[in-house]
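> Chain residues, written in single-letter form:
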Amino acid sequence: MALLTVNGLCAYYRTEVYGISRTVRAVDGVSFELYPNEIYGVAGESSCGKTTLIKVISGNTKPPLKAISGSVDYNFGDYKVDMLQVSQEELRRNIRWKEISYVMQGSMSVLNPVRKIIKTFEDIIDTHERIRDKKKFLEEAQTHVNRLGLPTEVLNAYPHQLSGGMRQRVAIALATVFHPSLISADEPTTALDVVVQRGVLQMVKDIQSESHNTVLLVTHDMAVHANVADRVMIMYAGRIMEEAPTERIFNAPLHPYTQHLIRSLPMIGERSNKASLRGTPPNLANPPGGCRFHPRCPFVMDVCRTEIPELVLVRERHRVACHLVKEGSQ
Amino acid sequence: MSANEKMLDVQHVTVEFHIGGLVGGSLLVAVNDISFSLDSDRPEIFTLAGESGSGKTTLSRVLLGDLVPTRGKVLFEGRDVALIRKRSEFKEFIKRVQPVFQNPFDTFNPLRRVDAYLFDTAMNFRMASNRSEAARVVDEALRNVGLSLDEVSRRYPHELSGGQIQRVSVARALISKPKLILADEPVSMVDASLRMEIVNLFRKLRDEQKVSVIYITHDLATAYYISDRIGIMLRGYIVESGPVEDVLVRPLHPYTQLLKESVPEPAPKERESWAKHIDLGTTEVKEYGRVGCKFAGRCPRVMDICRKVDPPDVQVGRQTVKCYLYKDSASAEVS
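For the record, the sequence lines run as chains A and B.
Okay, so the first sequence: first residue is 1 according to the numbering used here, each after it adds one.
Okay, so the second sequence: first residue is 1001 according to the numbering used here, each after it adds one.
Same shape as in the complex, but just chain B:
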């Protein structure tokens, strides 16, 4: 493996859904020409942030090989994920890329003990050949998330708190020793006093286990707290991406600026600016069908060209931004 080999390489992925009847109907582009990559020798936390309907979850399904993109491809360690057909190959792939879902109480069957899932995972991925060996593997995974087999053994999901059970689902993902964890809104169902322990856990996994994490969220505050790079999604596009300190501290795209400004600061001093009135679109469907920049309808700095042609990706410093405002000042410092 060369030094800069890409672990995950997403190339121009587009997903289109056909909505409506057989004859008429319309095309909904849920994910539009998205490209990014993660290096294999440098574990990092990459955040995909966006509002509901921005295509975050559709993209995560493509990454997991659950959905074949209309155009473009996803390469994981050099192999096209969409071309994995054989069960054994898929098992090899999913062993290296593990998902963690939003609601831990949906992940586990309420009538089944949670440790049964952990043992099943260990056996299915052939991480252990017998039960006592499996117990060791499971215990090791649980210790990585600050639990132990004694604490969860013979427990049903309802006997664990939201934070604990979400940690168990992260432990389950760790059993197969993955290279990449894909976490789709992992903390949005967890209580505030327990949320930080899950978020800290991802940091710890990156630093100690060298696991990369794709963190999908709508919560910019936790995204800033844990991630290295971030991509801001809007109606299927990544409108801005780059190191999180740049994108969230000095956002360039008017949409990222609006988004950042709208996150309520947990301090009463910003009340005045937060209370400034904003314009909300009536319906969401309209924005999907819009020609040109999807944000043009709400953008305070909209120009004629924005409504006609899709804006290009412009590199400004370490940030990539999809906006005409920066087209001429490419690579120049923007104040």
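For reference, chain A alone in the conformation it holds in the complex:
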């Protein structure tokens, strides 16, 4: 059973200033499923709609962002939620932090800079489950951070006293206090150094393999996906270009965009010439017709300019949206 089913989701930013309306199609016809016990990676360049997608599926849709069509359905065992219809009260009380939680890039903005970490723990837990026994809560908070490999001292520190990596791990510890079914992480390690990044991602992997929940990992860094994700989705200009198990994405990519992304990655020990794609990512307020990648595609055909390629299943668990690739061909 899928934990999350997204079907034909379109989410646009609509603004109207002085009578001029503008629509930015950040997520345009996206369908995918998340299953329990997996790490699902979402890759793409900036402004390809990754963050918008996370916002919509975690219920943070605020104007000007609006989900225009499609569906976002969760299935938490005996508790089913339609994320596009659910009330804010329900979302706050029963879903956020308890069933789905969110780790973002700047952990400093999650942690209150003038309160000790333990107070932030208290605030979050108190909103969801009234703290009756202060002593028991303290013990539980300690066990929780220790289990994640963090020293107990962090609870009594202020955010600025911790290093960037430690802060990010505290943010992850906060996101996991209620053992949610889905943890969404939006560029959780982008601002961190490589050694720290490795430590933080290892922690995410450990948590996942221990509690068998689902992690939705959004990052532009393909190398991170190669090492962490089980399946990877490649987004470009608001659409899914390709989705496959990590192994397939890296060893047998089918979409020209994915092929380029993989080939252009520099590696230590290998110095062959790497080229950039010609052109620039499209403006989502006025995206190109047909396949959105066609102005930059080295294999462009006439049909690409007029017809939107459908996302077809080329083999088990491998979907591609390209006119060059036929359904079930692999």
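There's no promise every hint is true.
What the hints assert, rightly or not - Computed cross-link-like contacts, DSS-like style, restricted to lysine-lysine with a CA-CA straight-line distance of at most 25 Å:
#1 A:Lys-66 / A:Lys-80
#2 B:Lys-1276 / B:Lys-1095
#3 A:Lys-98 / A:Lys-205
#4 A:Lys-274 / B:Lys-1260
#5 B:Lys-1210 / A:Lys-274
#6 B:Lys-1327 / B:Lys-1308
#7 A:Lys-62 / A:Lys-80
#8 A:Lys-274 / B:Lys-1269
#9 A:Lys-205 / B:Lys-1091
#10 B:Lys-1204 / B:Lys-1086
#11 B:Lys-1179 / B:Lys-1210
#12 B:Lys-1269 / A:Lys-205
#13 B:Lys-1073 / B:Lys-1091
#14 B:Lys-1086 / B:Lys-1177
#15 B:Lys-1210 / B:Lys-1308
#16 B:Lys-1204 / A:Lys-274
#17 B:Lys-1091 / B:Lys-1006
#18 A:Lys-136 / A:Lys-116
#19 B:Lys-1210 / B:Lys-1006
#20 A:Lys-98 / A:Lys-134
#21 B:Lys-1276 / A:Lys-205
Everything labelled a hint here was simulated from the structure, so no lab data went into it.
Bear in mind the structure is a predicted one, so any value in this text is a computation, not a measurement.
Assemble chain B onto chain A, guided by the hints.
Quick look at chain B alone, frame taken from chain A:
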């Protein structure tokens, strides 16, 4: 100019910052006894790589004459950069050493057209005496980065993509025909599909325009791709330096080894070794104040002496490494 004259000679540069109150407080050594040099007749790309807080940017400020080092000096073409006082002399210096910064959208004022900056630079450095001549100079610089004046003229920063605007900022640096470009994290704000074009551009400048580049980055993969030599920085020290094929392929210092191992390979085959657990320090400030080797707290091969006295620079093959492990085997081949 003799054959091996040094264009840039950094001699034992140390920068100390005083943090805290008037009476108490502590001393933070951001850059610690760093020396390296670039030859003037052999253009090359020299990378300074390190994590945040390793002193990369502080060092680049010293090289640009923006910060006077506490000890040591920087000689550019034989002149001490810190002693440049007169405006006209500084202009001569900065004409030959040009910076490129991390975020191109911060480099340019969003309310001003980008070509205005290019024309200003051309006029300020007296590369042109009138506007039509300036247009020619600007166009030539833009062509070196794969753009042209027609493409950027009358455009505002937001009308260009991240890759384009970063190329414009490199073009701006090229207008004065510098000998050295100091690029501080020039690709970290640029999208993956456009990153390689900036990196390739530095290679092209070295080969065709004979411009040397000091490439400051935390990204070892692009560093390996473009540079000739590399210096790995840790808490103010260069702990290992040498040709990039040696330092990044066969790292000697335990820190470089950890760093290299931590760079995720963009291929799923290395997943197991990358997932091996590592020890992270809780706070960064502690490492700065540490006596002896700054890496001693995290080093898997730490010895007693590492915690007491700063390790010496040891020459092993073509690599220079600041570590006691190689002290006795100096110049010997290390397997």
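> Please go over all the hints and tell whether each is borne out by the structure.
Checked hints:
1. A:Lys-66 / A:Lys-80: Since the Cα atoms of Lys-66 (chain A) and Lys-80 (chain A) sit roughly 22 Å apart, the hinted pair holds (cutoff 25 Å).
2. B:Lys-1276 / B:Lys-1095: The given pair, whose Cα atoms are some 48 Å apart, is violated under the 25 Å limit.
3. A:Lys-98 / A:Lys-205: Between Lys-98 (chain A) and Lys-205 (chain A) the Cα gap is close to 19 Å, so the pair holds against 25 Å.
4. A:Lys-274 / B:Lys-1260: With Cα atoms ~21 Å apart, Lys-274 (chain A) and Lys-1260 (chain B) stay inside 25 Å; holds.
5. B:Lys-1210 / A:Lys-274: Given pair Lys-1210 (chain B), Lys-274 (chain A) holds - Cα atoms ~21 Å apart, limit 25 Å.
6. B:Lys-1327 / B:Lys-1308: Measuring from Cα to Cα gives roughly 15 Å; hence the hint holds.
7. A:Lys-62 / A:Lys-80: The given pair, whose Cα atoms are some 22 Å apart, holds under the 25 Å limit.
8. A:Lys-274 / B:Lys-1269: The given pair, whose Cα atoms are some 21 Å apart, holds under the 25 Å limit.
9. A:Lys-205 / B:Lys-1091: Roughly 53 Å separates the two Cα atoms, so the pair is violated.
10. B:Lys-1204 / B:Lys-1086: The given pair, whose Cα atoms are some 34 Å apart, is violated under the 25 Å limit.
11. B:Lys-1179 / B:Lys-1210: 8 Å, holds
12. B:Lys-1269 / A:Lys-205: 17 Å, holds
13. B:Lys-1073 / B:Lys-1091: 19 Å, holds
14. B:Lys-1086 / B:Lys-1177: 21 Å, holds
15. B:Lys-1210 / B:Lys-1308: Measuring from Cα to Cα gives roughly 44 Å; hence the hint is violated.
16. B:Lys-1204 / A:Lys-274: 13 Å, holds
17. B:Lys-1091 / B:Lys-1006: 21 Å, holds
18. A:Lys-136 / A:Lys-116: 18 Å, holds
19. B:Lys-1210 / B:Lys-1006: 15 Å, holds
20. A:Lys-98 / A:Lys-134: 20 Å, holds
21. B:Lys-1276 / A:Lys-205: Holds: Lys-1276 (chain B) and Lys-205 (chain A) sit about 11 Å apart, inside 25 Å.
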